[in-house]
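Peer 1: Given these sequences and hints, build the entire structure.
Number of protein chains: 2
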Amino acid sequence: MHIDLNRNSNIPLSVQIYQSISDRIASGLIEKGAKLPSVRSLSKTLKVSLVTAVKAYSLLEKDNFIATIQGKGTYVQSEDVVNNNNPENDSTSLDWQLSITDHLPRAQFWRQNINLNTKPQIQMSAAHVHSSLLPEQHISKHLSSLVLKNPSLLFEYGPIQGDLELRTSIANYLKTKDVSLSAEEIVITNGSQQAINLVARTFIGAGDVVIMEAPTYTAAIDVFRWQGATILSVPVDKEGMRIDLLLKICDSYSPKLIYTIPSYHNPTGTVMSMQRRRELLNIARDFNCLIVEDDPWSEITFEKSFLPSIKSLDTSGRVIYIKGFSKFLAPGCRIGTVSASGSILNRLVAAKANSDLGSPLLTQKALLPFLQSNFMEKHLKNLNSILIKRRNLALKLLTDHMPIDVKWAIPQGGPNIWITLPSWMSAESLLFEAQSRNIAFLPGSTCYPSEPEFNHIRIGFCFLDEHKLKEGILALCSIISSFIDQKYSHNDIPII
Amino acid sequence: MHIDLNRNSNIPLSVQIYQSISDRIASGLIEKGAKLPSVRSLSKTLKVSLVTAVKAYSLLEKDNFIATIQGKGTYVQSEDVVNNNNPENDSTSLDWQLSITDHLPRAQFWRQNINLNTKPQIQMSAAHVHSSLLPEQHISKHLSSLVLKNPSLLFEYGPIQGDLELRTSIANYLKTKDVSLSAEEIVITNGSQQAINLVARTFIGAGDVVIMEAPTYTAAIDVFRWQGATILSVPVDKEGMRIDLLLKICDSYSPKLIYTIPSYHNPTGTVMSMQRRRELLNIARDFNCLIVEDDPWSEITFEKSFLPSIKSLDTSGRVIYIKGFSKFLAPGCRIGTVSASGSILNRLVAAKANSDLGSPLLTQKALLPFLQSNFMEKHLKNLNSILIKRRNLALKLLTDHMPIDVKWAIPQGGPNIWITLPSWMSAESLLFEAQSRNIAFLPGSTCYPSEPEFNHIRIGFCFLDEHKLKEGILALCSIISSFIDQKYSHNDIPII
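For the record, the sequence lines run as chains E and F. When the letters of the first sequence are read in order and numbered with my numbering, they come out as residues 1 to 496. When the letters of the second sequence are read in order and numbered with my numbering, they come out as residues 1 to 496.
Take these hints with a grain of salt, some might be off.
[Unchecked claim] Derived Cβ-Cβ restraints for the label pairs, each shown as a range:
no., chain 1, residue 1, chain 2, residue 2, range
1, E, Glu377, F, Leu164, 34 to 42 Å
2, F, Ile114, E, Glu165, 18 to 26 Å
3, E, Gln137, F, Asp63, 32 to 40 Å
4, F, Thr92, E, Leu393, 47 to 55 Å
I should point out that these hints are in silico values taken from the structure, not numbers from a laboratory. For glycine and all other residues, C-beta sits at the position ideal for the given N, C-alpha and C.
Peer 2: Pasting the structure below:
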């Protein structure tokens, strides 16, 4: 377990250690019941004072991540530890592997995905559109004949930066969204996730300050933490990232990069206001930092007009724009893009070369017929007319069946509804109960870079048909109601 | 320009700075004619003494990477600098981007690939098989009907670890090569390159010691340098990595990882002897480090038997085994694998999730018909019968036409011939001349993690048909001869 400590940061070392260990535990990278080093050994390895190590462990114990068994040591919390059994497993021939330290502090997306391996029938955790609503026949027919006509697509390396025909088509498509880019400024990636990685890995090193919204996209937090970034977070309100608070942070720290999802923010669904988009750009100029604008699903919209992207307002190459095509078109193709200019672009192309020498050609060619025609417009119109019904159904069910203490925002786009539970309720306990009924959702705590809030959940309404969606939401409402009933029945016990 | 300095290393800081800057220049990440910081500013930024900064610049100047223009400053070497013109370009609105430091010290594979953009007709730099020798019809027919039958392959996310059917087939295939792995131990990656990245990014951080062969695979050096590794190199002789020298390094340093290509080594074609394979495994155990065994093309073989892989000798989960399917099967599918066990495996799967959430499903399914049948055996038999003719042709042409001062080894497998020029000859100058005749090869200096040798070149004989191969090698022989003639004609000038 390698822990990157930023000794120049205002964040106390004990909190940094807490963050690193709690993230590893929450990601399942340190297993339940595993023995942790003693405070003395931790203080020695990390070159911190004994007081700091003790404080870090106290914080972890307070939040129930770890437990100390008198005379035995400190363990990751598990049922065995609670029951005071011997929590250590039998030794195996692979035990030496634990001495191989790693630089992977967090993988919460992975953790949530592992939970799905139990195959819940009602997958409200999915933040994308079900394949039955996507242009399967159209694209597969095209691809089927293309591969016969041009089999070498499977047998030749494509250009590192991506297929030029696809980049040109994407540039044309983005123009319809008011984003003016040339094909030369676009790099094709394996989904948006690789795009975020290319940016983080190229520009962020241990201790660099990255600012993210809180909450934000789980797997983007995973990536920036992987690079050893010091992540500072800014809350989101109805108009998006709180620029007033951002400014305060920038005054005290020197951010290298600000990551934002301005349109139908993940997970809250918020749209950043026009004024804040402009202010954000000004702040990035003033503090000489990069903006990463992640735009995974602005195509899923229930509004008649859309706000210009921050990239379209940017005249100085300050914004790195990430556009994915998985969430509303073809998840299996894993096509994303990262766009930039000048030496920022140049370095991202070099990073793509180092990462995997380039994406497969065939899946790049798959999207062409859609992008080169007006099918995309028709597809999106049709898709959104279906999705708005699902959203409305979801909202109606929540209104009709959710206990009054539970709140949510009405998303004007994107695939998610962000639900806030009573402050005492734990989304993790809720998930545990939901999974036993084959239902999955995303616990909101995974969306916080630090200081997680445990009383939010994200549900997606685009992956399930109306029947399943109804079943899922009703079950969720019923579980939450029973949690509330239970709480109040306990509270009702008269104190004599 | 961020430079990772390992202050605990025996390598002098001036040499570390030299390495970092020279790599950026050789990779084109700092452009020709660009102005470098003054020694005073460098010493301040990197917190090193002025003497150290001066020494680093002297080394760079000695090797002709940079030049100082009196009264102006220090510049990356370029024609303008040589001619004492003003080497600075006009300022543009993107100039601020240069102040955004990056963590990307090297991208030599990318650099070489950019050179290919001039599209040389005779591409002897390619280290893979031409698509006309690959089972294009067979695989494309299968895929064409598969995509019609099951279009959702394009529209659904696959498992993060990779398609189970493919992993099972690969496990069965690897058994024919005496590598015994279960499907659960295999992770599907975007080519071997991503596999190397997953390993490096998970287990290597700034200053960790990685040992590589010298020379070795260019793009693997790019990756380990990207992670800030301190790379130490061990020469290769006829039996592969010099284990006696490796042992000496291990005694002085604490390696975290040893990267090796034991079978038909890239670029030299050497096969590591059985004894050394065993010794390497023992050393990894004794020094508690990982072995990464990269096996890109042991299928391309002109021998009747093969030595067991190091992975197959490993009983304690010490070896991470990387097997690619691009070099002899379907480069365009970008299918590679990384295999490990226990917590090493677990962490690599988490790393794959963080990297791109999983590879495209369709290209994974493309390889199935081959792996699930005996087509692979037939394909390889047929392929190798063609490739041995090309190798023999290449060797005969070299013997008949290459000047006597030039040496090469006879490869028993793999796609390359490693050629050693007279020690005074620069492969870079040779490449410059060759490219003007539309010929490309790989200059050997890119294959050295440090202290490059400039008098080697790597040519591939599997990408070109016999006609082009002949044309390329004859041209190469002619250029080299003319370089030698020129050298001796200069030397012949009588000194009066």
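Peer 1: Hints numbered earlier in the text: which of these fail when held up against the supplied structure?
Peer 2: 3
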